[in-house]
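Enquirer: Listed below, chain by chain, are the residues.
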Amino acid sequence: GAVVSQHPSWVICKSGTSVKIECRSLDFQATTMFWYRQFPKQSLMLMATSNEGSKATYEQGVEKDKFLINHASLTLSTLTVTSAHPEDSSFYICSATTSGRWNEQFFGPGTRLTVL
Amino acid sequence: AQSVAQPEDQVNVAEGNPLTVKCTYSVSGNPYLFWYVQYPNRGLQFLLKYITGDNLVKGSYGFEAEFNKSQTSFHLKKPSALVSDSALYFCAVRDFILTGGGNKLTFGTGTQLKVEL
Chain H
5 GAVVSQHPSW
15 VICKSGTSVK
25 IECRSLDFQA
35 TTMFWYRQFP
45 KQSLMLMATS
55 NEGSKATYEQ
65 GVEKDKFLIN
75 HASLTLSTLT
85 VTSAHPEDSS
95 FYICSATTSG
105 RWNEQFFGPG
115 TRLTVL
Chain U
69 AQSVAQPEDQ
79 VNVAEGNPLT
89 VKCTYSVSGN
99 PYLFWYVQYP
109 NRGLQFLLKY
119 ITGDNLVKGS
129 YGFEAEFNKS
139 QTSFHLKKPS
149 ALVSDSALYF
159 CAVRDFILTG
169 GGNKLTFGTG
179 TQLKVEL
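Protein sequence lines correspond, in order, to chains H and U. Take the first sequence: its position 87, counted from the start at 1, is 91 in this note's numbering, and no numbers get skipped. Take the second sequence: its position 96, counted from the start at 1, is 164 in this note's numbering, and no numbers get skipped.
Check the hints yourself; a few may be wrong.
Unchecked claim - Calculated cross-link-like contacts (lysine-lysine; reagent style BS3-like; alpha-carbon spacing at most 30 Å):
| no. | chain 1 | residue 1 | chain 2 | residue 2 |
| --- | --- | --- | --- | --- |
| 1 | U | Lys172 | H | Lys45 |
| 2 | U | Lys90 | H | Lys45 |
| 3 | U | Lys126 | U | Lys90 |
It should be emphasised that the hints constitute simulated quantities derived from the structure, not laboratory data.
All chains should be modelled from the sequences, with the hints used to inform the complete structure.
Expert: In C-alpha cells, the structure reads:
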C-alpha cells in the first residue's frame with residue numbers, strides 16, 4: 005500500500021523557536037496533502053490542505069502565519085511551527101492522497117511536538 | 069456539512085468474541101464512508117471504505133463494515149477479536165471533493181477498543 009513518512013517522529017524545543025516537520029509520500033505522487041493536529045484521546049482536527057505548487061488552504065481558526073505550510077513537490081510537504089509556545093505541544097499528523105475521487109487518505113506516523 | 073458520530077468512547081470485548089464499533093452518519097447526498105485505526109503514537113491506518121455497491125464491505129485485518137442506509141449506520145465488525153486489535157478506531161465521511169483532487173474527510177471522535185484475554 006501507499007506509504008507516507010514523517011520526520012521527525014518527535015521533537016522537543018524551547019519556547020520561541022521554530023520547528024519544521026516533513027511529510028513525504030514514498031511510493032506515490034500526492035496531489036493533496038493534509039495536516040492534522042490531535043490532542044490526547046481526541047479526534048483529528050484538520051489544520052490545512054495543500055496542493056503542490058499552491059498556497060495552503062487553512063481551516064477556520066488556524067493561524068497561517070504561525071503554521072507555515074509548503075508543498076514543494078508531489079512527494080513533500082512541510083509544516084513549520086513558528087515561534088512555538090507550550091500550547092502548540094501536540095501530535096501532528098500528515099496525510100496524502102491522489103487525485104482519484106474515491107481515493108482514501110494515507111497517513112504518516114505522526115510527530116510528537118513538545119514545547120518547553 | 070457531513071458528519072459522523074461514534075456513540076461509544078470505549079468498547080471492551082473478550083478475545084475470540086465478535087466485536088462491533090458503531091458509527092452513524094449524517095450526509096446530504098450519497099455517503100462515502102471510511103474506517104481508520106490508530107495505534108498508540110502512530111498515524112491512522114486505512115481499514116476499509118464504502119462508496120457504493122454491496123452493503124457489506126470487507127477490509128484489512130479481517131475487519132468488515134455493514135452499511136445500512138435506513139439506519140444511517142456504518143458499523144465496523146470483526147467475527148473474532150484479537151488482543152492486537154486493541155486500538156483507537158475512527159469513522160470518517162467524505163466532506164467534499166477537493167478542487168485539486170482527493171477527498172476532504174470529517175472524522176468521528178473515535179472509539180477505543182480494548183480486547184482482553
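Enquirer: For which of the previously enumerated hints does the structure constitute a violation, in increasing order of number?
Expert: Structure breaks no hint.
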